[in-house]
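Peer 1: So you can see what is in the structure, the chains are spelled out below.
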Amino acid sequence: MAPRFSCRPAKLLGITPIPELLDKRLVFVTGKGGVGKTTVAVALGMRAAAAGKRTIVCEVSSQENASRIFDHTEVGFHEVEMEENLWSISIDPDESMREYVLLQLKVRAMRDMLFRSRIFNYLAAATPGLKELVTIGKIWELAQLDRKVKKGRKYDLVIVDAPATGHGIGFLQTPRTFAAIARVGPIHSQAQQLNRLIVDHEHTGTAIVALPEEMPVNESAELERELRAEVGVAVDRVYLNGLYPERFTNEEAERLAELAGGEDGAVRAAARAAVSEHGRARSQRAQLARLRRRVETPVKTLPFLFEPELGVESARELSTRLR
Amino acid sequence: MPSVDEILEGKDICICAGSGGVGKTTTSAAIAAGMAARGLKVCVLTIDPAKRLADSLGLRELGNEASRVDPALFAEHGVEMKGELWAMMLDAKATFDELVARQAPDEESRDRVLNNRIYQQISSALAGSQEYMAMEKLFELHTEGRFDLLVLDTPPTRDALDFLDAPRRLTQFIEGRSLRVFMKPTGLAARVAGRGATVALGVLKRIVGFDLLADLAEFFNAFSGMVDGFQARAKRVNSLLADRHTCFLVVCGPQGEPVDEAVYFHRKLVEAKLPFGGVVVNKVHYPAERLRGDGGDLGAALAGKLGGPPFEEIGAAEREDLARRVAENFADYQALAERDARNIERLARELRTKGTIRVPYLDEDVHDLGGLAEIDRYLFASSEEREALAAGRA
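Here the protein sequences come in this chain order: U and S. Position 244, counted from 1, in the first sequence is what our numbering calls 244; the numbers after and before it change by one each time, with no gaps. Position 164, counted from 1, in the second sequence is what our numbering calls 164; the numbers after and before it change by one each time, with no gaps.
Among the hints, a few may not be true.
[Said to hold, decoys possible] With a Cα cut of at most 35 Å, we get these calculated DSBU-like pairs of lysine-lysine:
# : chain 1 : residue 1 : chain 2 : residue 2
1 : U       : Lys300    : U       : Lys53
2 : U       : Lys106    : U       : Lys53
3 : U       : Lys148    : S       : Lys205
4 : S       : Lys205    : U       : Lys151
5 : U       : Lys106    : S       : Lys205
6 : S       : Lys205    : U       : Lys154
7 : S       : Lys11     : S       : Lys273
8 : S       : Lys283    : U       : Lys300
9 : S       : Lys205    : U       : Lys150
Calculated directly from the structure, the hints in this document are not laboratory data.
If we strip away everything but chain S, and leave its shape as in the complex, we get (with noise of 0.2 Å):
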């Protein structure tokens, strides 16, 4: 398996995907800093509506602007910054308003849909509506050419996928105006809706409410002057997905769950043709390899070295407890150890891949830049630099 710069040879694209709580925005954050240490101008950007990414970069406030990462932060963790490191958290409402200014064929329409009540609602409010914009980000910046490389950070796996979907959702969602010919059923309209559509809607307005429907028809009725631009562009944001300039990265954890999730996720990548390009298995508890299959009486050595110095002056009690206590310590972390490899071993069988990127369970959290500078060892270093590292650490 190839290090993290390897895969991303000649991709201006790279998504991270993976399931909740698997160190998704700090391996995104860590990959971008990774890339723009070695001469990248990359950004980095974020749809997760959690605060991660700016806690990760040492930033206060994300904007929908990218904004620049200051270089001296780098240097006071000793990594020289030789490109740029830019970061983004997107604002699903401002982005949404953008490009309703961008498509609207005038400024009648463009304000209709901006001071329609249910867009106001559901351009900032109602949970989902980040998906839909995310997508629309990443193209943007894709088309100004500003970046060498863009990293992207998406919300937990299910969410994930509603975010492959976004273009082709947008485009469904768009298509309401539809409902304004079945709002009213008259004339040319009540032909071409027919009979039973005019029924379903009687139906409709008994459970939902006249008002409600009508404002709903309203509302998909305002970008009525957008479809055609709305679907260009979902079309185009697919194909860009598609590009092989562009790399899926699976991160994941190496319990049981995360690991399912990312081979669900790798197979619906597969399924829609998309560019899949690793595995990142972040906090994995490495085995002790020397250890494996000594199983001798741990305790009795540690209680005789415990004999020595530096602990002459502790009490034979005393030290068979220590001794003790660092055995079970021991067994617990060997287990935790050898799920993680029964894991990623499967994984890697499961995703026909050599090998996948691990990180190692760091004794420290990786919330700042100088973990992320800690993490970069692993995510770039060759393979047999990596397993060195490990069984240093080990």
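The shape of chain U in the complex, shown without the other chains (with noise of 0.2 Å):
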């Protein structure tokens, strides 16, 4: 008698498991500025979220792209509630940076007379790029299992939508340049900690993302190498984001391009259409071949969604896609 269920039990109740990636604890996403790194963070909060991970998805730089996502819904420097299991933050430095002298300075009068002091204010907005470094500060505190700040909640998982290329290693250089900086003394160790953190392959990733397109896979591929050798932060995954179906055979698009050049009206139209989307779909081939042979990260494809503007609900979408 034949077995009534199929030995694929997981695939049967739908269930795929999740990128590796996202067993870490504290995941980079990174990539050329317009590629998507955010709808991408996104999608992987929601598939950690969804496989019962308490995730939360951070910004940086104070770009609210997130909460374009979810419908507009202001995240703001608190740890806001998206769905089950999934929180967004948007980490401001300023706050950051308030938030780090609370935690050093017990004495409530100490704090305010810091604050006000002219000297504090000016080193805070002088110093270059103390932004970054206390950034990546609250990155390291969301992700410690034992929250400094008060009451804080503890996540299994932090997902950091950073700066576009080139800033992105700049940004994951700060606490080594830091503690460079400083020699000795709270500043060197604290920065010290967080680099530490940042090159721990064991909980610490980046998720490259890329478009199928010349230049985007040249820096991708050059990204690739600056985060290994100039970093020295782990790279888990290259997600060649927006790539076009293969809607037709190169035999059909080349009897549709002799409708294309002969008919009038809509029908020529459609199949302009379709021969370009052919050629389009074709090169973007031929850019993910040419991605895979530049860099030794596992490449994984994601779909472009013909959708007018992508929200929640497009996030979602390529959540249940990632590999």
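Hints are included, so try docking the two chains, each in its own frame, into the full complex.
Peer 2: Okay, here's the thing in structure tokens:
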């Protein structure tokens, strides 16, 4: 008698394992500007949350992109619950600095005096890289199982929508730079602690988001190299975002091209659109192959979503496609 | 809306600004190449740390010095270079070093800064130091007067705003000399700084560490002889940005987010009284105008056409399936075209501009000189020509 169930119960139940990247505690999502980092970061968050992980998606440099995805709910410097198991925060450097000082100085009068003093405000504004440092400090704090802030929620996973390519490298290098600037003392040891977290391959990882186009592919390969060699962070995934479907065969496209040349009106326009689409889909496949040749990291693809504006449902759609 | 060459008539600086991934680097390169092809001596510079410009121009390496792009490369793509195209990628550290060397009253002061450990770290490694120096290079090139036009590619919007803010931040940064007074709060200095500052410093030492604070003081102090020079320069940079010969072009994509960013950036430009020149929207899906409203059964029409040559040998079921896929693809494309039209309309309304320069979503990526020549047709065409080109493509 045939078994009642197939021998693949996980598939039968519609469960696919989460990408191993999400088993880490801290994941930076990075890439060139405009490649869909925020959508991918939120999608990763949704996937982890759906698997039962308490997850927070962090934005830096007050871009509020995630709030756009979540139908313009204001996020701000608070841990806001978006869905079950999924929180979001926009890390403001000034607020992070304030919080840092609050954690360092327990005496209220001392803090108030410091916040009012010219020298403190001057240093906070003028010291280059300090904003990035306190931002990473806050990310570190969120990733602690023993949170430093009062009644801090424990997260299983912290996902960071990191700055775009060029600045992303500088951003992740900030702790090391500060550790070198301050040879001894509290800033030195704290910066070192932050850097230890970044280069901890067991707990911290990165995902690079790329587009299937010439320059984004070149930059992603360069970014991978810099992240590994210069920052020392683990690179776990490259997500090639916005891949067009292959709707037509070469043969079909050739025939449609003839139709696109001769006819007029709707049929001609539709045939032209089909030929363009086919050309794009093909050149994207060539870029995908180039990317795979140029990076060491596993490359996974995400489909182009034919939706006017990407919102929460697009992110959810992508979250089910993450491998 | 005029074309790029009309907007840039009589301008000697063109600053391209916008959010990430909207094709700003490509647009900057195409504008520079187009103006050079039309007879000007143009230099395009990027402060973007990513090496995109080099990619666009087919150059292997860009240094802090302008290098000329070989006109033969353009000739290969059928473009006659009447002027000259030069390109430069900003090296923030080298620019900072040059600036210090120029501003230092003597060699000793110069070396004190250049050899300072904190200076060495911040001038090369830390995020954000590029912006401090970008304006400086632009100003320097402009002062030298070697070029008819400078085209500047900036980092994404939020950073581009930092970049506008750079001269002020630079001045503030230099004013750190006051820290020296705080560091040695004795005698006259103590009276100047006041008791509050002394206590604040004590608290600060506790959380930052004395050594680092002393190093910072030394760092800021090293700049002390250069304050006046820096301030004067920052002032001149500011007036250069606001000059009527300077022009800001906002570059964006047709999706909601880049349009929001473009509107935001335009508002900031207006608030800062900086000269806004126009907006370029890249990767636009043009709608097939004539099809609007016909909405008839495209699938049926297609299936009919697909019955004739060159499709006779395909079976009926296959034909129907192909017709369905063609119609589906077209509907997807049209939806994107309608979205783009809506967003561009909103952009024009918010920016109170009659039109926008729209560059279509081309079948091929734009990443080389051939691609630049292709978008040149849209950037430099008159409004009517652009519409005609677009209609031909749709």
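Peer 1: All hints, please: hold or fail.
Peer 2: Right, here's what the structure says about each hint:
1. Taken as a hint, the U:Lys300 and U:Lys53 pair is honoured in the structure, with Cα atoms around 22 Å apart against an allowance of 35 Å.
2. Proximity of U:Lys106 to U:Lys53 is assessed by CA-CA distance (about 33 Å); at most 35 Å being required, the pair is judged to hold.
3. Distance check on the hinted pair: U:Lys148 and S:Lys205 sit about 22 Å apart at the alpha-carbon level, within 35 Å; holds.
4. A C-alpha spacing of about 29 Å is found between S:Lys205 and U:Lys151, which places the hinted pair at or below 35 Å, so the restraint holds.
5. Of the supplied pair hints, the one linking U:Lys106 and S:Lys205 holds, its CA atoms being roughly 15 Å apart against a limit of 35 Å.
6. With a C-alpha separation of about 32 Å, the suggested pair S:Lys205 and U:Lys154 falls inside the 35 Å cut-off, and the hint holds.
7. Simply put, S:Lys11 and S:Lys273 have alpha-carbon atoms about 17 Å apart, close enough for the 35 Å limit, and the pair holds.
8. For the given pair, S:Lys283 sits about 25 Å from U:Lys300 by alpha-carbon distance, which is consistent with the 35 Å threshold.
9. For the hint linking S:Lys205 to U:Lys150, the alpha-carbon distance of about 25 Å falls within 35 Å, and the restraint holds.
When each numbered hint is compared with the structure, no violation occurs for any of them.
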